[in-house]
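Q: With chain U fixed as given, assemble chain F onto it according to the hints.
So the sequences go chain by chain: U and F. According to the numbering used here, the stretch in the first sequence is residues 11 to 286, in order. According to the numbering used here, the stretch in the second sequence is residues 32 to 318, in order.
Treat each hint with caution, since some may be false.
[To be verified] Simulated coverage check for chain F against chain U, where a stretch passes if three residues somewhere in it have a Cβ under 8 angstroms from a Cβ of chain U: (1) 62–75; (2) 114–125.
[Claimed, not checked] Examples of chain F residues toward chain U, derived with CB under 8 angstroms: (3) 50; (4) 54; (5) 58; (6) 146; (7) 147; (8) 150; (9) 155; (10) 193; (11) 246; (12) 250; (13) 291; (14) 295; (15) 299; (16) 302.
[To be verified] Beta-carbon label-pair distances, calculated as ranges: (17) U:22 x F:302: 26 to 34 angstroms; (18) U:54 x F:182: 50 to 58 angstroms; (19) F:302 x U:51: 27 to 35 angstroms; (20) U:248 x F:39: 52 to 60 angstroms; (21) F:300 x U:67: 40 to 48 angstroms; (22) F:223 x U:39: 27 to 35 angstroms.
Honestly, the hints are just simulated from the structure, not real lab data. In this text, all values refer to a predicted model and were calculated from it rather than measured experimentally. Don't be surprised by glycine CBs; every beta carbon is placed ideally from N, CA and C.
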Amino acid sequence: MTMRIYAIAVFLFLYVPIGIIVLFSFNAGRHASELRGLSVQWYGKALSNAFVGDAFFTSLTIALSVAVLSSLMGTTAALALQRMKGKMRVLFDGLIYVSVMVPGIVIGIATLVALVTVFDFLNPLLAALWPEGIKPPKLSMGYASVIAAHTLFTMSLVIILVRARIAGMDRALIEASMDLYATPWRTFYQVTLPQIYPAILAGFLLSFTFSFDDFIISFFVAGANTTLPIYIFASIRRGITPEVNAIGTMVLAASLFLLMATQFLLRNKKNRGTSE
Amino acid sequence: MKEDSQSNRWLTAALLAPTSLWFLVMLIFPLIVILVFSFGERAAVGGYAGGFTFEQYANLPSRLKAFQNTMIIAPAGTLLCLLVAYPLAYFLAVKVSRQYKLILLVLVIVPFWTSLLVRTYAWIFILGGRGIPTLLEFIGFEGVRLINTQGAVLVGIVYGYLPLMVFPLFVSLEKLDKTLLEASSDLGGSPFKTFLQVTLPLSMPGIATGCMLVFILLMGEFLIPAFLGGGKVFFIGNALVDLFLQSRNWPFGAAVSVTLVAIMLITVSLYMRLTMGGKSGRDQSLM
Chain U
11 MTMRIYAIAV FLFLYVPIGI IVLFSFNAGR HASELRGLSV QWYGKALSNA
61 FVGDAFFTSL TIALSVAVLS SLMGTTAALA LQRMKGKMRV LFDGLIYVSV
111 MVPGIVIGIA TLVALVTVFD FLNPLLAALW PEGIKPPKLS MGYASVIAAH
161 TLFTMSLVII LVRARIAGMD RALIEASMDL YATPWRTFYQ VTLPQIYPAI
211 LAGFLLSFTF SFDDFIISFF VAGANTTLPI YIFASIRRGI TPEVNAIGTM
261 VLAASLFLLM ATQFLLRNKK NRGTSE
Chain F
32 MKEDSQSNRW LTAALLAPTS LWFLVMLIFP LIVILVFSFG ERAAVGGYAG
82 GFTFEQYANL PSRLKAFQNT MIIAPAGTLL CLLVAYPLAY FLAVKVSRQY
132 KLILLVLVIV PFWTSLLVRT YAWIFILGGR GIPTLLEFIG FEGVRLINTQ
182 GAVLVGIVYG YLPLMVFPLF VSLEKLDKTL LEASSDLGGS PFKTFLQVTL
232 PLSMPGIATG CMLVFILLMG EFLIPAFLGG GKVFFIGNAL VDLFLQSRNW
282 PFGAAVSVTL VAIMLITVSL YMRLTMGGKS GRDQSLM
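So that you can see chain U by itself, here it is in the shape it has in the complex (with noise of 0.2 angstroms):
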């Protein structure tokens, strides 16, 4: 009984501020912390408010970026890891240890110090090299230097749950379909993709949000491109108003939507898988 009470005041911890800042967010008043009745027009304001627009679409734009390439690049190394041995495969367990474990702050930080000073060492040599009368091409940190920093952790983290997957998998339907003469092509399309999509699927969403809610790596990456968690974090600093909270919201209520989906589409596989 003791413990139910206890679970639910947790529960209360947990929800509560979440459901102050959608509460204020409904606020008819202009000040953030007088509630005075109930309306939707601090969600026009933010929708219809350009700086808004932007933020949310470089968000976007970065966040399918990195859940795209570190799907992607994260699947092919933990297959590759997983055949190999040696010195080789403690390098690289090594470095995915490293990359999962240093700070956000330090990446963002070493990226920018690393790629300003070579930017400054290759611009002018571009600028050299370049055709007269043709505008050179400067190199500056933008929308490539952000997802370039989170696919470091989000690909890290694909390659940890793609072989936790594999490690799990039944073997015997490997050598199964190689005794039956499939191609290796063929066995991954039809027997090792099908079950470690799951994991793909998951590392596919769980990147997208990691890289969709990152402050401090864009921070510090992003040049003068601004996210929607870098424009929420400047606003709050010149003051919270019931806009910052409609924005707050929808920023909840897209993160939840996605676990959501991800939640009926693993769902859904395994449904299918056991029905056939």
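A: For chain F alone, coordinates are given in the frame of chain U:
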């Protein structure tokens, strides 16, 4: 057969090529640059000027407060997370019936995958002037200040990272063989003794994993102290943002980063050795 293994090796290399490139360009190279910069000097306009000096490392004590805060609040926050999470994980794994178990677990974990930024700023609201302090004034406690204190940062930490702690605890408690608990009580063990001698040791792997995950993330934390510590309670992460974006002292910032990573590598390696060692020891004692 030999040709086959040759082509196999090529395939493995091809599959690993993009990942290797990424590790090289986005991890190894930047970390080397940071290491080199940490031995350099600050250029007059900010940024980096070449050189080889230990000046930056000698200057580390000027940011001692940030290191102290991080080294005290990160472990304390981890421990607090564990204390709050354990009873909940135990309840979910042992007491709740099978049909609700998974739903409740998902409900605990879902907040972790939504924006930490938005969830943390909710607490500015709750702990700030018009939140709990106003409520306290109603019942007669005037002038209570909650935000911008260590307590506020700790609340933010528990709130932010509780889900990450509950999950591994749940997994290890779920695997716990309930007949062992029954055996212990049949043999006259009090519930407390059963917990101490059966449940707790068997859930050690979950405790070790959860604490490590939370601790690693807390060492690099920036948002929670930035929002709830208000410049009074700040972590190494906050000092780094200040050094790189405000005062543009790159070499010193690089030295702080290198020190942070070194501290983490040492503590985590030690911790892993300790918990792994403990595990094998316990396995032996169980036999």
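Q: Now look at each hint and say whether the structure bears it out.
A: Cross-check of the supplied hints:
no., hint, verdict
1, 62–75, "holds (count 4)"
2, 114–125, "holds (count 6)"
3, 50, "4 angstroms, holds"
4, 54, "5 angstroms, holds"
5, 58, "5 angstroms, holds"
6, 146, "5 angstroms, holds"
7, 147, "7 angstroms, holds"
8, 150, "6 angstroms, holds"
9, 155, "7 angstroms, holds"
10, 193, "7 angstroms, holds"
11, 246, "11 angstroms, violated"
12, 250, "6 angstroms, holds"
13, 291, "6 angstroms, holds"
14, 295, "7 angstroms, holds"
15, 299, "7 angstroms, holds"
16, 302, "12 angstroms, violated"
17, U:22 x F:302: 26 to 34 angstroms, "32 angstroms, holds"
18, U:54 x F:182: 50 to 58 angstroms, "38 angstroms, violated"
19, F:302 x U:51: 27 to 35 angstroms, "51 angstroms, violated"
20, U:248 x F:39: 52 to 60 angstroms, "58 angstroms, holds"
21, F:300 x U:67: 40 to 48 angstroms, "42 angstroms, holds"
22, F:223 x U:39: 27 to 35 angstroms, "52 angstroms, violated"
Hints 11, 16, 18, 19 and 22 from the list above are not met by this structure, while the remaining hints are.
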